[in-house]
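As they're listed, the protein sequences go chains A and B.
Take 1 as the starting number for the first sequence in the numbering used here and just add one per residue.
Take 1 as the starting number for the second sequence in the numbering used here and just add one per residue.
Read the hints as simulated data drawn from the structure, not as lab findings.
Incorrect hints may have been included.
[As the list claims (entries may be wrong)] Incomplete in silico selection of chain A near chain B, CB under 8 angstroms:
hint	residue
1	T171
2	G173
3	R216
4	F346
[To be verified] Using 30 angstroms as the maximum straight-line C-alpha spacing, the simulated DSBU-like pairs for lysine-lysine come out as follows:
hint	chain 1	residue 1	chain 2	residue 2
5	B	K155	A	K27
6	A	K365	A	K303
7	A	K285	A	K27
8	A	K285	A	K303
9	B	K33	B	K155
10	B	K142	A	K285
[As the list claims (entries may be wrong)] The following residues of chain A were derived to be distant from chain B, with all beta-carbon distances above 12 angstroms:
hint	residue
11	M182
12	H256
13	G372
14	Y409
15	L431
Heads up, the beta-carbon is just placed ideally off N, CA and C, and yes, glycines get one too.
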Amino acid sequence: MDDSRKLTVEEPPVIEPGHTFASVTEKISAIVLTRPTSNGWFVGFGIAFLVTMAMLYAIGYLFLRGVGIWGITIPIGWGFAIVNFVWWIGIGHAGTLISAILLLLRQQWRNSINRFAEAMTLFAVACAGLFPVLHLGRPWLAYWLFPYPNSMNVWPQFRSPLMWDVFAVSTYGTISLLFWFMGLIPDLGTLRDRAIHPAARIIYGMLAMGWRGSARHWHRYETAYLLMAGLATPLVLSVHTVVSFDFAVGIVPGWHTTIFPPYFVAGAIYSGFAMVLMLAIPIRKIYGLEDFITELHLQNAAKVMLATGLIVAYGYGIEAFMGWYSGDRYDAFLLWNRLHGPYHVFYYALLACNIFIPQVLWIRKLRSSPVGLFLVSFVVLVGMWLERFIIVVVSLQRDFLNSSWGMYYPTRWDWITFIGTIGMFLAAMFLFCRLLPMISIFELRTLLPQAEGKAEEAAE
Amino acid sequence: MKRDPIYGIMAEFETPTALLDAARRTYQAGYRKIDAYTPFPVEGLAEEIGFHHNAVALVVLIAGIIGASTGYLLQWYCDAYSYPLNIGGRPLNSWPSFIIITFELTILFGGISAVLGMLALNGLPMPYHPVFNVPRFALASKDRFFLIVFSSDGKYNPQQTRAFLESLQPRSIQEVPS
Chain A
1 MDDSRKLTVE EPPVIEPGHT FASVTEKISA IVLTRPTSNG WFVGFGIAFL VTMAMLYAIG
61 YLFLRGVGIW GITIPIGWGF AIVNFVWWIG IGHAGTLISA ILLLLRQQWR NSINRFAEAM
121 TLFAVACAGL FPVLHLGRPW LAYWLFPYPN SMNVWPQFRS PLMWDVFAVS TYGTISLLFW
181 FMGLIPDLGT LRDRAIHPAA RIIYGMLAMG WRGSARHWHR YETAYLLMAG LATPLVLSVH
241 TVVSFDFAVG IVPGWHTTIF PPYFVAGAIY SGFAMVLMLA IPIRKIYGLE DFITELHLQN
301 AAKVMLATGL IVAYGYGIEA FMGWYSGDRY DAFLLWNRLH GPYHVFYYAL LACNIFIPQV
361 LWIRKLRSSP VGLFLVSFVV LVGMWLERFI IVVVSLQRDF LNSSWGMYYP TRWDWITFIG
421 TIGMFLAAMF LFCRLLPMIS IFELRTLLPQ AEGKAEEAAE
Chain B
1 MKRDPIYGIM AEFETPTALL DAARRTYQAG YRKIDAYTPF PVEGLAEEIG FHHNAVALVV
61 LIAGIIGAST GYLLQWYCDA YSYPLNIGGR PLNSWPSFII ITFELTILFG GISAVLGMLA
121 LNGLPMPYHP VFNVPRFALA SKDRFFLIVF SSDGKYNPQQ TRAFLESLQP RSIQEVPS
């Protein structure tokens with residue numbers, strides 16, 4: 001890593017100089033243990049909590065009345081529920097990319113942002129997981145999706161992408177939770193040792209499970225951590241691939257394409273990094289963590305967004321090209337319908353949000369401007385939501401027979417449920433920032449020069 | 001069984017380099033039942049105290065194989081054997097469609113076993129451990145580095161071991177009550 005520093009002299013550091021093991025520990029654990037909870041936190045959490053309650057109200061009403069309260073009709077049976085599911089699960093992907101793939105690639109800058117990015121993944125997957133279940137019509141029978149011996153003597157149909165999805169998403173949620181919790185164990189030990197309030201000491205102590213930092217323990221811990229990263233890397237690539245199979249295995253024009261898996265994965269990472277930036281920028285400002293989440297992190301995230309954004313643009317290009325090149329009149333019509341049909345405004349907005357506006361990230365000055373990055377990230381998140389809307393709704397809206405064409409209008413319940421999950425996500429993030437160390441303390445210690453000096457000596 | 005009232009003798013160091021050096025010299029002096037405690041993983045430290053291989057990878061490999069077999073057999077049993085489903089005339093044992101869930105269960109079993117296996121091999125959760133009886137040990141999760149010689153070590157002798165550890169010039173030395 002020393003060589004890369006020499007290449008670009010002005011590159012900002014991963015961690016600002018002058019920190020010690022003690023100061024890093026002090027600064028991050030103080031946010032949880034000693035810093036008084038600000039009014040801003042209560043206001044923010046309160047609003048997010050109220051929005052979550054609105055979502056629960058909408059879900060309660062859904063249970064009472066059924067999916068008829070949503071805007072879905074035939075031919076558009078997959079409305080907001082699937083749009084939001086794909087959007088949320090995509091956002092989650094950045095967390096696993098940062099924690100697993102960047103670990104394997106020895107990208108040390110990941111150490112300051114992996115913890116909250118993983119938390120973001122967990123909460124995003126929780127939001128995503130709600131939608132398919134709510135969409136079932138009879139959500140209380142969701143357990144039928146799992147293979148269990150039953151009195152009906154039938155088994156799930158494992159050749160269906162929807163079953164693959166059940167397994168992919170539940171595995172993803174489980175592994176993300178385990179990975180995140182495993183990373184927390186040493187830091188929970190730190191909080192246990194530093195907590196003053198007896199209740200905090202007991203709770204953190206129980207969660208730390210008696211972690212004492214023994215050399216033998218660290219040895220096994222590092223092996224397990226590396227293996228988890230190795231397992232999570234193909235997993236994260238497979239999850240959005242399987243999500244894209246939900247579409248690509250169907251025969252609907254606009255869904256039945258082989259470009260979907262890579263293009264979905266790139267889109268997922270694109271929106272995920274946008275969400276990481278939208279969270280990191282205010283968090284580092286409010287909690288004064290600019291020393292640990294430096295300009296380098298923002299710039300690298302921006303570069304990942306730029307690269308994945310171009311892959312997404314390529315995906316759009318191929319879709320349009322295939323509409324013409326395949327010679328299939330339904331594929332050609334789909335392209336026409338996107339450009340000139342009743343939802344054309346959304347398609348142009350999608351192109352603007354996902355392809356054209358993010359090109360400003362080529363400007364170095366913008367990549368180092370937190371406000372600019374925050375705005376671009378918001379645009380990307382909107383764009384990625386629109387992308388899923390276009391894929392789900394516009395493809396279903398006008399397929400093979402004109403007699404079965406239709407329109408989709410979301411109802412207020414669609415909107416409340418969607419916005420409600422954003423509230424739930426933010427409420428969980430607020431709690432996370434308040435109750436757990438949002439930056440991995442022990443991994444930050446390893447980045448300090450004091451920790452590096454010893455590695456060279458040991459090698460002698 | 002009567003336990004030794006002293007669990008071991010613990011020396012405190014200020015830098016990872018000092019601890020690595022001390023660990024090496026303690027091991028070379030013939031002490032085998034020793035351990036080191038650090039606030040972050042220190043490269044090469046486990047090797048210095050004579051711990052070279054851990055079984056986590058083997059556990060994960062076995063669990064991964066069990067996961068893959070479970071995944072495939074489950075799908076075969078359900079869709080080809082117990083309740084044969086003819087979907088579009090494809091073979092009952094249509095393995096390409098079974099790959100994804102086989103893969104997911106491999107990862108699921110492997111990942112769960114990595115975390116639980118690591119905890120189990122480390123003997124965690126452990127609600128009580130004698131090292132926490134030393135008040136200064138709270139710094140082991142912050143910025144200090146500790147080395148302990150257990151009283152169960154064959155070469156352990158309260159005076160001599162203490163004198164040896166003092167020769168390593170630690171910042172402090174404590175007896176650890178068990």
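**Asked** Going through the earlier hints one by one, which of them does the structure break, listed in rising order?
**Response** 2, 4, 5, 11
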